[in-house]
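K.L.:
Chains as they are written, first to last, in the working numbering: chain A, 1 to 118; chain B, 1 to 150.
Simulated from the structure, these hints should not be mistaken for lab results. Be a bit skeptical, because a hint or two may be false.
Said to hold, decoys possible - Taking lysine-lysine and the DSS-like style, the derived pairs with C-alpha atoms no more than 25 Å apart in a straight line are:
| id | chain 1 | residue 1 | chain 2 | residue 2 |
| --- | --- | --- | --- | --- |
| 1 | B | Lys47 | A | Lys31 |
| 2 | B | Lys124 | A | Lys31 |
| 3 | B | Lys21 | B | Lys59 |
| 4 | B | Lys59 | A | Lys31 |
| 5 | A | Lys43 | A | Lys69 |
| 6 | B | Lys47 | A | Lys51 |
| 7 | B | Lys21 | B | Lys47 |
Listed below, chain by chain, are the residues.
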Amino acid sequence: MNEELVLMLEIQDLTSKAREIESGELGDLEKAHFGIEPATAVKALRGKAEKLMADLRPNVRGRFSQLLKRVDRAVVPVIDGTCFGCYVSIPTATAGEQNPNADLQTCETCGRFLYILV
Amino acid sequence: MQLTELFTVDSVKLQLESETKDDLLKELISLLGLDNKSEAILFKTVKRRENLGSTGIGKGIAIPHCRSLVANRLRLAYGRKPGGIDFNAIDGAPVYNFFLIVAPPLEVSNQYLPVLGKIAQFAKDPDVPDLLLALEDPNEFLNLLEEKSR
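Starting from the given sequences, assemble the full structure and let the hints guide the process.
P.N.:
Quick look at the structure:
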């Protein structure tokens with residue numbers, strides 16, 4: 001799998017978790033059952049995400065950052081040939097490759113980075 | 001959705017072999033049947049959650065959990081480590097029982113948080129730690145889960 005795709009997935013996981021903790025329910029569960037202080041956890045998650053951003057090439061980081069300004073998820077799965085960002089079908093040539101996540105690919109319709117679930 | 005519907009016999013292992021926290025998490029993740037690269041990504045994500053604070057909730061039980069794009073649906077696994085290992089649990093005691101919960105970032109049915117809450121409640125039942133240690137077969141685990149979830 002493409003290393004930058006892996007990085008972006010990690011960054012997205014971190015920021016999603018921070019957002020979910022901030023939004024309340026997960027933060028409440030983490031505090032009640034696991035003794036996690038939500039504010040501290042959010043700070044740690046966002047800090048780690050920022051550090052990982054620096055490992056992306058400038059052009060990829062720029063595009064990823066721009067996407068994150070307008071959508072919650074800049075990397076989305078392709079399931080059964082459909083982009084789960086905009087729900088438009090992906091050309092067969094993109095979705096059916098032997099090692100489909102070896103190169104960075106974006107959706108021609110919405111521009112999001114694609115992670116093809118096989 | 002019943003908790004038992006989220007486990008399969010293949011995702012239950014009563015004789016975990018790992019001796020360290022990292023190896024045990026990897027072994028637990030392997031019960032989900034993902035490809036190697038997905039397992040590696042998931043391990044990093046699970047570890048990152050552990051770095052925020054151990055998911056060892058005490059009384060020999062831990063509930064590693066996270067969301068990850070490598071999961072195409074809510075996935076659960078249970079593993080038991082005879083003898084237990086140090087998992088930096090809240091009570092400082094060894095952990096014997098591990099419940100892994102992995103959910104995709106986007107869920108139509110949004111089951112992740114309710115399931116995390118249900119597993120935590122199940123694990124906190126005072127009878128459960130001893131009942132888990134007495135299990136002899138994965139099917140007994142599913143039966144116990146069903147019985148306690150009623």
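K.L.:
For every hint, state whether the structure bears it out.
P.N.:
Hints versus structure:
1. A hinted pair counts as satisfied when its Cα atoms are at most 25 Å apart, and B:Lys47 with A:Lys31 qualifies at roughly 18 Å.
2. A threshold of 25 Å between alpha carbons decides the hint, and for B:Lys124 with A:Lys31 the separation of about 15 Å falls inside it, so the pair holds.
3. For the given pair, B:Lys21 sits about 17 Å from B:Lys59 by alpha-carbon distance, which is consistent with the 25 Å threshold.
4. Under the criterion of a C-alpha separation no larger than 25 Å, the hint pairing B:Lys59 with A:Lys31 is consistent with the structure, at around 18 Å.
5. Note on A:Lys43 and A:Lys69: the hinted pairing holds, with a Cα-Cα distance of about 19 Å set against a maximum of 25 Å.
6. Simply put, B:Lys47 and A:Lys51 have alpha-carbon atoms about 17 Å apart, close enough for the 25 Å limit, and the pair holds.
7. Of the pairs offered as hints, the one joining B:Lys21 and B:Lys47 holds, with about 10 Å between alpha carbons and a cut-off of 25 Å not exceeded.
Hint compliance for this structure: no hint is broken.
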